[in-house]
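Student: Protein chains in written order, with the numbering used here: chain A, 340 to 590; chain B, 776 to 980.
None of these hints come from the bench; they were simulated from the model.
The reader is advised that the hints may include incorrect statements.
[Said to hold, decoys possible] Pairs of lysine-lysine, DSS-like flavour, derived with a Cα cap of 30 Å:
1) 900(B) x 581(A)
2) 581(A) x 904(B)
3) 425(A) x 498(A)
4) 848(B) x 879(B)
5) 360(A) x 498(A)
6) 581(A) x 498(A)
[What the hints assert, rightly or not] Among the chain B residues that face chain A by a calculated CB cut under 7 Å, a handful are:
7) 798
8) 800
9) 915
10) 943
Just so you know, even glycine gets a beta-carbon here, dropped at the ideal spot from N, CA and C.
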Amino acid sequence: MLKRRIIPVLLLRGDRVVKGKQFTDYRDTGNPVMATRVYNAQAADELLFLDIEATVTGRSRLAEILSRVSEEAFMPFAVGGGIRTKAEVRALIAAGADKVVITTGAVERPEVVSEVAETFGSQCVIAGIDVRREGNRYAVYVRSGRVRTELELQDHVRKLDELGAGEILVNSIDQDGMMGGYDLDMLARAVEATNKPVIVCGGAGNFRHLEEGLRAGAHAVACASLFHFGDNNPPRARAYLKNVGFPVKTV
Amino acid sequence: MIGIIDYGVGNLRSLRNAVDHVGLDVDVLTDPEALASCDRLILPGVGAFGSAADSLRARGFEPALRAHAAAGKPLLGICVGMQLLADVGLEFGEHRGLGLIPGKVRPLESSREHPIPHVGWNDVKSQRKHPVFDVPKKNVDYYFVHSFYFDPESPDDVVAVSEYGRIFATVVARGNIVGCQFHPEKSQAGGLAFLERFAAWDGTC
Numbered sequence: 340m341l342k343r344r345i346i347p348v349l350l351l352r353g354d355r356v357v358k359g360k361q362f363t364d365y366r367d368t369g370n371p372v373m374a375t376r377v378y379n380a381q382a383a384d385e386l387l388f389l390d391i392e393a394t395v396t397g398r399s400r401l402a403e404i405l406s407r408v409s410e411e412a413f414m415p416f417a418v419g420g421g422i423r424t425k426a427e428v429r430a431l432i433a434a435g436a437d438k439v440v441i442t443t444g445a446v447e448r449p450e451v452v453s454e455v456a457e458t459f460g461s462q463c464v465i466a467g468i469d470v471r472r473e474g475n476r477y478a479v480y481v482r483s484g485r486v487r488t489e490l491e492l493q494d495h496v497r498k499l500d501e502l503g504a505g506e507i508l509v510n511s512i513d514q515d516g517m518m519g520g521y522d523l524d525m526l527a528r529a530v531e532a533t534n535k536p537v538i539v540c541g542g543a544g545n546f547r548h549l550e551e552g553l554r555a556g557a558h559a560v561a562c563a564s565l566f567h568f569g570d571n572n573p574p575r576a577r578a579y580l581k582n583v584g585f586p587v588k589t590v
Numbered sequence: 776m777i778g779i780i781d782y783g784v785g786n787l788r789s790l791r792n793a794v795d796h797v798g799l800d801v802d803v804l805t806d807p808e809a810l811a812s813c814d815r816l817i818l819p820g821v822g823a824f825g826s827a828a829d830s831l832r833a834r835g836f837e838p839a840l841r842a843h844a845a846a847g848k849p850l851l852g853i854c855v856g857m858q859l860l861a862d863v864g865l866e867f868g869e870h871r872g873l874g875l876i877p878g879k880v881r882p883l884e885s886s887r888e889h890p891i892p893h894v895g896w897n898d899v900k901s902q903r904k905h906p907v908f909d910v911p912k913k914n915v916d917y918y919f920v921h922s923f924y925f926d927p928e929s930p931d932d933v934v935a936v937s938e939y940g941r942i943f944a945t946v947v948a949r950g951n952i953v954g955c956q957f958h959p960e961k962s963q964a965g966g967l968a969f970l971e972r973f974a975a976w977d978g979t980c
């Protein structure tokens, strides 16, 4: 049986790992190579590296960091930040990436999603969506949460699905770093709009939150603060989720 | 030495790193003539069956690969590299494989519960003992990324199976040839152990 995944997220600024709240107030939490070594020892299911400055500055050290971590960690890596072209994806794959996350690019240059899916396969493309709640709707934001678009969550999920994304990553800016639980309404709307696996991100503060995400239909739960702060780690999270009845990876 | 055949499909960096990490002498081969100097070979692969088969042939690897297999030296196919061991691939038309393990490569059926591609960690259940894949006590998960599966003609060639909408072969073997649908180079300790066993295998069963 295919296992539900718990995906630690490493936000990168330059060559450091950072963690913020509501896409701002970033704090330095360490070195990506060291962090990867720890997650590798804990047999994390997959790692997600997101460069939070790449879209804004137009520069990224993702490929360089990835080539260093892929020498010592033998697990799937997904990477994102500022991706707009097939050539950039090719370089990231050559550096050891298995999948790429395209968020701002998927709004400002949607054809990049289908170009990458056609060349490297849809399993290679995670379409990212950052949203804020506005009453009874969710507005899609781009450029690391700085720019609001007119797009609505479900319409955008359907469009990314049609363009050939293999997975959808939905992230709540409101919940980010608050550790109060995922936005389950946001998640349910995304799951309703697509048959593709949905990864939920933003807000997990304890294992119960991960359970809630899976019960609401997420195929994978992504989290950063949960593992950065405190003594929680992927093996404990897997043990908890196994106890409440979800299939998780056996190592 | 273990040779990894580079026929232009996919990135071999992770595979090379993994083989290197388990302490084995490894080389990535772009020239078919280099195959003869290897005591064992890995045929990797990603993407579509037809274009992978075409690319392997266009680069002239087929005769050297056949000579290696006929000499009884160990050969491991990974993912699409495993599927290429079959007679025929039914992905975007009908394509000829290497025919080293009789069988066909067929599409997995998509459904709401089982979206295609099959991506992620799944368990692999042993069907019979084999020197390269022997999981006696507990099942360990391996990492998969694929939309097609190898359907061997003979059940004797199936070493292990997995389940995703259907049960399908995930480790196949015949004589000195073995193939795995999962990616050992992305499967952490279990994957590295698999590569180590392949490296220690003399090609007999």
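Student: Honestly, which of those hints from before does the structure not fit?
Tutor: Failing hints, ascending: 6, 7, 8, 10.
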